[in-house]
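> Given next are the chains, with one letter for each unit.
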Amino acid sequence: MKFVTVAGPPSSGKTSVILRTIDHLRERGLDTGVIKFDCLSSSDAGTYRRHGVTAKVGLAGSLCPDHFFITNVDQALQWGQRQGFDVLVSESAGLCNRCSPHVRDVLAVCVIDNLSGISTPDKIGPMLRFADVIVVTKGDIVSQAEREVFTARIRQVNRLARILTVNGITGQGSFALSRCIAEAATTDSLIGNFLRFSLPSALCSYCIGQTRIDPAFQAGNLRRIRFDE
Amino acid sequence: MTLIPPDLATDLLVRRSIAELIAEYPYVENYFAAIRLDVMDPSRSVVEVLGDHPEEYFADYGLSKADFATSIVAFVEQVLSQGPDELGTITSLTLLPGHDKAGRPEACGLVVRAGEVTCIVGPTGSGKSRLLEDIECLAQGDTPTGRRVLVNGAEPSDEQRYDLGHRLVAQLTQNMNFVIDLPVGEFIVLHAESRDVPMPDEVATRVIECANTLAGEPINPATPVTQLSGGQSRALMIADTALLSASPIVLVDEIENAGIDRRKALDLLVGADKIVLMSTHDPILALLGDRRAVIENGAIRDVLDASDAELANLAFLTDLDEHLGALRERIRAGERIEEDLAAAFMTGPLRLRRGTPTPPG
Numbered sequence: 001m002k003f004v005t006v007a008g009p010p011s012s013g014k015t016s017v018i019l020r021t022i023d024h025l026r027e028r029g030l031d032t033g034v035i036k037f038d039c040l041s042s043s044d045a046g047t048y049r050r051h052g053v054t055a056k057v058g059l060a061g062s063l064c065p066d067h068f069f070i071t072n073v074d075q076a077l078q079w080g081q082r083q084g085f086d087v088l089v090s091e092s093a094g095l096c097n098r099c100s101p102h103v104r105d106v107l108a109v110c111v112i113d114n115l116s117g118i119s120t121p122d123k124i125g126p127m128l129r130f131a132d133v134i135v136v137t138k139g140d141i142v143s144q145a146e147r148e149v150f151t152a153r154i155r156q157v158n159r160l161a162r163i164l165t166v167n168g169i170t171g172q173g174s175f176a177l178s179r180c181i182a183e184a185a186t187t188d189s190l191i192g193n194f195l196r197f198s199l200p201s202a203l204c205s206y207c208i209g210q211t212r213i214d215p216a217f218q219a220g221n222l223r224r225i226r227f228d229e
Numbered sequence: 001m002t003l004i005p006p007d008l009a010t011d012l013l014v015r016r017s018i019a020e021l022i023a024e025y026p027y028v029e030n031y032f033a034a035i036r037l038d039v040m041d042p043s044r045s046v047v048e049v050l051g052d053h054p055e056e057y058f059a060d061y062g063l064s065k066a067d068f069a070t071s072i073v074a075f076v077e078q079v080l081s082q083g084p085d086e087l088g089t090i091t092s093l094t095l096l097p098g099h100d101k102a103g104r105p106e107a108c109g110l111v112v113r114a115g116e117v118t119c120i121v122g123p124t125g126s127g128k129s130r131l132l133e134d135i136e137c138l139a140q141g142d143t144p145t146g147r148r149v150l151v152n153g154a155e156p157s158d159e160q161r162y163d164l165g166h167r168l169v170a171q172l173t174q175n176m177n178f179v180i181d182l183p184v185g186e187f188i189v190l191h192a193e194s195r196d197v198p199m200p201d202e203v204a205t206r207v208i209e210c211a212n213t214l215a216g217e218p219i220n221p222a223t224p225v226t227q228l229s230g231g232q233s234r235a236l237m238i239a240d241t242a243l244l245s246a247s248p249i250v251l252v253d254e255i256e257n258a259g260i261d262r263r264k265a266l267d268l269l270v271g272a273d274k275i276v277l278m279s280t281h282d283p284i285l286a287l288l289g290d291r292r293a294v295i296e297n298g299a300i301r302d303v304l305d306a307s308d309a310e311l312a313n314l315a316f317l318t319d320l321d322e323h324l325g326a327l328r329e330r331i332r333a334g335e336r337i338e339e340d341l342a343a344a345f346m347t348g349p350l351r352l353r354r355g356t357p358t359p360p361g
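Chain order of the listed sequences is A and B. Position 212 (the first sequence) corresponds to 212 in my numbering; numbering is contiguous. Position 345 (the second sequence) corresponds to 345 in my numbering; numbering is contiguous.
Chain B on its own, in the form it takes in the complex (with noise of 0.2 Å):
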């Protein structure tokens, strides 16, 4: 498979400099980084470049000079062809149902589409975890749970499998650390870099912004990822999960209350088209999926539509949350807390507030 016509190959490797090719291709600078480019003159072509240098330095590098004119041109073809990030258009994903530890058959399949949250709920030691495994790796009767996962509502070839595999995810963990120590917008920007997102600037920009209405703290680009608070980080992996990642599937580990707006969070991945699979126990994040796959023994015991009176229960709550919310906000302020709150949350203007949807972020 030759995307760049021979030419151009020649072109790339004969006449043009480093420096050239670096502005043309910027990734291109890693290849040359990788065989030490700060000793190089940049103003002197591929070709120049390999001749300066002994097979053995290469050697060094654990490459050969044929290896390193391969693998620009490689990588240049890669670029070309929109590079590696291509994974087409998922919109659903198909569960099978398989069988439960006992080896009983599974109660029921599942169909996750894009645009929708799909809850998992049951308690540890249950089998949430296999059935993000056997999505991770498109299971096809071939794992413990004996399930097949369908995309698209099709078999996928094996090719696929492997390809897909490890591009099919993403994960929102809780435990968001980094190791990298940039500052908040060059972490983005590297970030879009390394999906080769034309304007990384612009998008991290905007990867901020979009964290910001998430989160109670503004984040500022300048700041080191590292010294952000709890609720800042997981807003900007949520913002820059929805707006850089390329994955179609995204894994949420309960979005804790640390200062994040969780239905703002769930309607910006779900805006973004992903497939949202969350796991949690918290009865607002779970009431604002739109159905939940409850798991027992290692299978699906039965997978629940939000009903009517429970979409009631949500306003409900979504409400009581926001009430502990300005309470946590006043304690936070110093404030004591020595009003009559029972009668409050029972029977003043909360329960007449009883059914309001919060206004969409």
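One chain only, chain A, in its complex shape (with noise of 0.2 Å):
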């Protein structure tokens, strides 16, 4: 089966870039299906369901999101098999901007959309900076020459990813990314393999449950700003 990390901040327009994409993975005969990483709530489920994609929604809750997705992602791939999918995309919000879901030798999208600002692309760091792919959403409601600006400071902090652009409604440009896809690398699993960024450091008194605001209540991996200036 093919295994692909698709991530991007929340709203970038992921969801409808791997809808489109999977419409073009149907017409190469490709049974694709989703796993979506999620924190608090997803309605996402019913939306594949409503374009008859059988997507499964994880939802992390308390737990540091990104840890929830590594502690997951073999059980996905291992389920993704059972279902006998052709494909098995991976969907999650690189929620703090820190993380990233991308696996070594897995094909690693980043969706990222052109409303979100042009210093955007220095601030969300690893999950783009680590995409093997970059698709870059909602074109059609920028000049041509924001566009450009954006692509090129993309292309400062990615310069080995392919870019492409994809209009999320009418699917423009996800011809392209399903070709990326259909040629991506098969993966049986994961176990053995890396992550290609290290997740934040943990471990702190709040992780475990702490709400209390008092350094006698703050242990463990702690980092003060300095005010002392």
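Mixed in with the good hints there might be a few duds.
Just the calculated beta-carbon pair ranges, DEER-fashion [what the hints assert, rightly or not]:
| no. | chain 1 | residue 1 | chain 2 | residue 2 | range |
| --- | --- | --- | --- | --- | --- |
| 1 | A | Leu63 | B | Glu56 | 23 to 31 Å |
| 2 | A | Phe227 | B | Arg44 | 21 to 29 Å |
| 3 | A | Gly192 | B | Glu56 | 24 to 32 Å |
| 4 | A | Ala202 | B | Arg206 | 52 to 60 Å |
| 5 | B | Leu324 | A | Asp31 | 50 to 58 Å |
| 6 | B | Ala19 | A | Gly46 | 51 to 59 Å |
| 7 | A | Gly192 | B | Glu159 | 28 to 36 Å |
| 8 | B | Ala66 | A | Thr211 | 39 to 47 Å |
I should point out that these hints are in silico values taken from the structure, not numbers from a laboratory. Ideal Cβ positions, reconstructed from N, Cα and C, are used throughout, including at glycine.
Mind docking these for me? Both chains are given alone in their own frames, and the hints should help you get the complex.
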């Protein structure tokens, strides 16, 4: 089975891009399922179902979403294989913009939108920097000049990725993404593989449920701002 | 592929200060900004800066020391090798016929050439955007239409297809929003810089001057782009696309009437040797094109060259359009329109001037 990680800030258009791309994968005869990693709630399973796509949602709830992802991703892959998919897409928001779900030797896609502002490519870090394919959305509602400036900024952060522009509403450009996915390598197991970028260092007292604001209750891996200048 | 001689690469990283690097390769500044240039001493060399900070410092920005060093060298290499915008000259695209939505063979192919305007006509849902998408991804019989696209008469390689993809086509759409809130002048300079164009300030001045020949109301370089009128922003983007965009193909989604000289706009784009494809149902624009492709049920049904009779009608329509424009100006000025328009339009001076082409701008 082919496995693809798709990450991007909330509302960048990941689900729309995936749905439009699945239409093309279907035309190639590839059955595609989706595992969506989210935090508190997600209506995406319903959205996918309405398009006839089998999707499962995993909610991190009170856990760090990226730790939740990494502890469940291989099980997700096994689920996809049992379902008999040709392709499994893992969709996740790069929740604090510090993390990246991208795994070595597994096709990594980052979705980013033109409306998010030209400094966003610098801000979202690893999920953009370590992507193989960068999908830029919402280009139809900004000027050509702005699209070009935005692309140049992306290029500065990630020099090697393929940059594709996709319109999540009409699907224009999603064919090129379906080609990348159809050419992706096959992944049977993730056990023993590595993330492309480390997760943030944990663990502090707040990770395990502390809510009180008081230095006396702050323990573990802490970093303090210096205000003494 | 190493374009920088190894000793120069070493020189960049070991000897030169950050300030010197930025002076010579302005874009390097962004690399340093990504790791907080403001907390660094620009008189120190890259190697010293790398030494000043622990590996974890770089990890916070999703980098490693080694990545950072190689990406600077790679970037400078790219600048030295003429930048990422080198597309080669594209003089023509050939669309070889595929099939319609029902699988029947497509009646016609289409050749679009640099310096020519090809109009695309057909009802909504007829397959105009599929045609544009085939061009954008340089289809090779692998899209739903089965079309193949040749670049300069030859089949593009796989690498060419991916590489050209997002840089082949510039789009001028009806929606012309700006997210960046900058004055017009700075905005165009930013665009020029992102393409590593020499002397960005001069280029920006030229773009604005050129836009002012298209729009009724002059554009002030100090006005924020978000405050431009519809006509002004459209004029600005047409000028910018013609003079600054690297893409050899321009897809135009109907140049509406909002105070833009449409003929000049098209002349400007084709004058820049762009391949212009325009979807439109406006008779003036459609006849201004060199030819028009008629789309039906997902395929090209016909390709029409403008006939002599159509060109004569174009002159009439242009004249009519000018008169309508003059009426628009009078309404704007608060005047009444009370003379016998029917008589003037059908039998008056307009009729006498029929066939007189508008002087080119």
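> Run every hint past the structure and note whether it holds.
Okay, the hints, checked on the actual structure:
no.: 1; hint: Leu63(A) x Glu56(B): 23 to 31 Å; verdict: holds (24 Å)
no.: 2; hint: Phe227(A) x Arg44(B): 21 to 29 Å; verdict: holds (26 Å)
no.: 3; hint: Gly192(A) x Glu56(B): 24 to 32 Å; verdict: holds (26 Å)
no.: 4; hint: Ala202(A) x Arg206(B): 52 to 60 Å; verdict: holds (55 Å)
no.: 5; hint: Leu324(B) x Asp31(A): 50 to 58 Å; verdict: holds (56 Å)
no.: 6; hint: Ala19(B) x Gly46(A): 51 to 59 Å; verdict: holds (56 Å)
no.: 7; hint: Gly192(A) x Glu159(B): 28 to 36 Å; verdict: holds (32 Å)
no.: 8; hint: Ala66(B) x Thr211(A): 39 to 47 Å; verdict: holds (40 Å)
Consistency note: the structure conflicts with none of the earlier hints.
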